[in-house]
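Chemist: With the hints as extra help, turn the sequences into a complete structure.
The listed protein sequences correspond, in order, to chains H and G.
In this text, residue positions in the first sequence follow our numbering: the first is 489, and each later residue adds one.
In this text, residue positions in the second sequence follow our numbering: the first is 5, and each later residue adds one.
Do not rely on the hints blindly, as some may be mistaken.
Said to hold, decoys possible - Computed beta-carbon distance windows for the label pairs:
{"hint": "1", "chain 1": "G", "residue 1": "Asp81", "chain 2": "H", "residue 2": "Asn506", "range": "28 to 36 Å"}
{"hint": "2", "chain 1": "G", "residue 1": "Leu84", "chain 2": "H", "residue 2": "Ser568", "range": "39 to 47 Å"}
{"hint": "3", "chain 1": "G", "residue 1": "Ser32", "chain 2": "H", "residue 2": "Glu503", "range": "41 to 49 Å"}
{"hint": "4", "chain 1": "H", "residue 1": "Thr567", "chain 2": "G", "residue 2": "Gly20", "range": "28 to 36 Å"}
{"hint": "5", "chain 1": "G", "residue 1": "Ala33", "chain 2": "H", "residue 2": "Thr567", "range": "29 to 37 Å"}
{"hint": "6", "chain 1": "H", "residue 1": "Val600", "chain 2": "G", "residue 2": "Gln73", "range": "42 to 50 Å"}
{"hint": "7", "chain 1": "G", "residue 1": "Ser32", "chain 2": "H", "residue 2": "Asp547", "range": "14 to 22 Å"}
No lab work stands behind these hints: they were computed from the structure.
Quick caveat: nothing in here was measured; it's all calculated off a predicted structure.
C-beta: ideal position from N, C-alpha, C; glycine also.
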Amino acid sequence: DGGITQSPKYLFRKEGQNVTLSCEQNLNHDAMYWYRQDPGQGLRLIYYSQIVNDFQKGDIAEGYSVSREKKESFPLTVTSAQKNPTAFYLCASSMQRDTEAFFGQGTRLTVV
Amino acid sequence: RKEVEQDPGPFNVPEGATVAFNCTYSNSASQSFFWYRQDCRKEPKLLMSVYSSGNEDGRFTAQLNRASQYISLLIRDSKLSDSATYLCVVNMSPGGGNKLTFGTGTQLKVEL
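Modeler: This is how it looks when you write it as structure tokens:
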């Protein structure tokens, strides 16, 4: 089945540790995105990539890093510089040019 | 002014009622628009795209008003299963590309 896979579903880390969230898609989509959602709030764009080896900062990129070495993969690293990393992280992908995005099931990150 | 703005609700309606949500957007150059549905603690899922001519899918009707920069979603004959948060999504990128911006969502509760 085609889709977007995020792993793990739940992740716990100690404060000060970097952590990498996985996102893989087999939809042959060019564009991929990372969003963050906090309780009772909307989705905020962290980073997005429209093509392999290229990515742009979204609205809240500070404390995060990404890579896009393969079309299928867009991992997100939450660094120790991110002040409030505990959140629900959603990865999405879409074909280029004004098309809808499809989401993975998300990763709930808790930093203690 | 927020880039994409929605009334957070909640809208509490009886089963069988008709309910309408509006969403306003700030970028007049926006080219594509969508409604997503998000259930509690789940990923958003595409409900429908919004076309200039308006479109209908069963009990759901979406319309776009470019002059006033808003989109709407109408749900007829509400079902208990329609209870969810409805997210308005706008492609905010000038000149193509695909940077999707989400509203904070409108919560709908359909009651017996």
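Chemist: Each hint: holds or not?
Modeler: These are the hints, each one checked on the structure:
no.	hint	in the structure
1	Asp81(G) with Asn506(H): 28 to 36 Å	violated (50 Å)
2	Leu84(G) with Ser568(H): 39 to 47 Å	holds (45 Å)
3	Ser32(G) with Glu503(H): 41 to 49 Å	holds (43 Å)
4	Thr567(H) with Gly20(G): 28 to 36 Å	violated (50 Å)
5	Ala33(G) with Thr567(H): 29 to 37 Å	holds (34 Å)
6	Val600(H) with Gln73(G): 42 to 50 Å	holds (43 Å)
7	Ser32(G) with Asp547(H): 14 to 22 Å	holds (20 Å)
Hint compliance for this structure: hints 1 and 4 are broken, all remaining hints hold.
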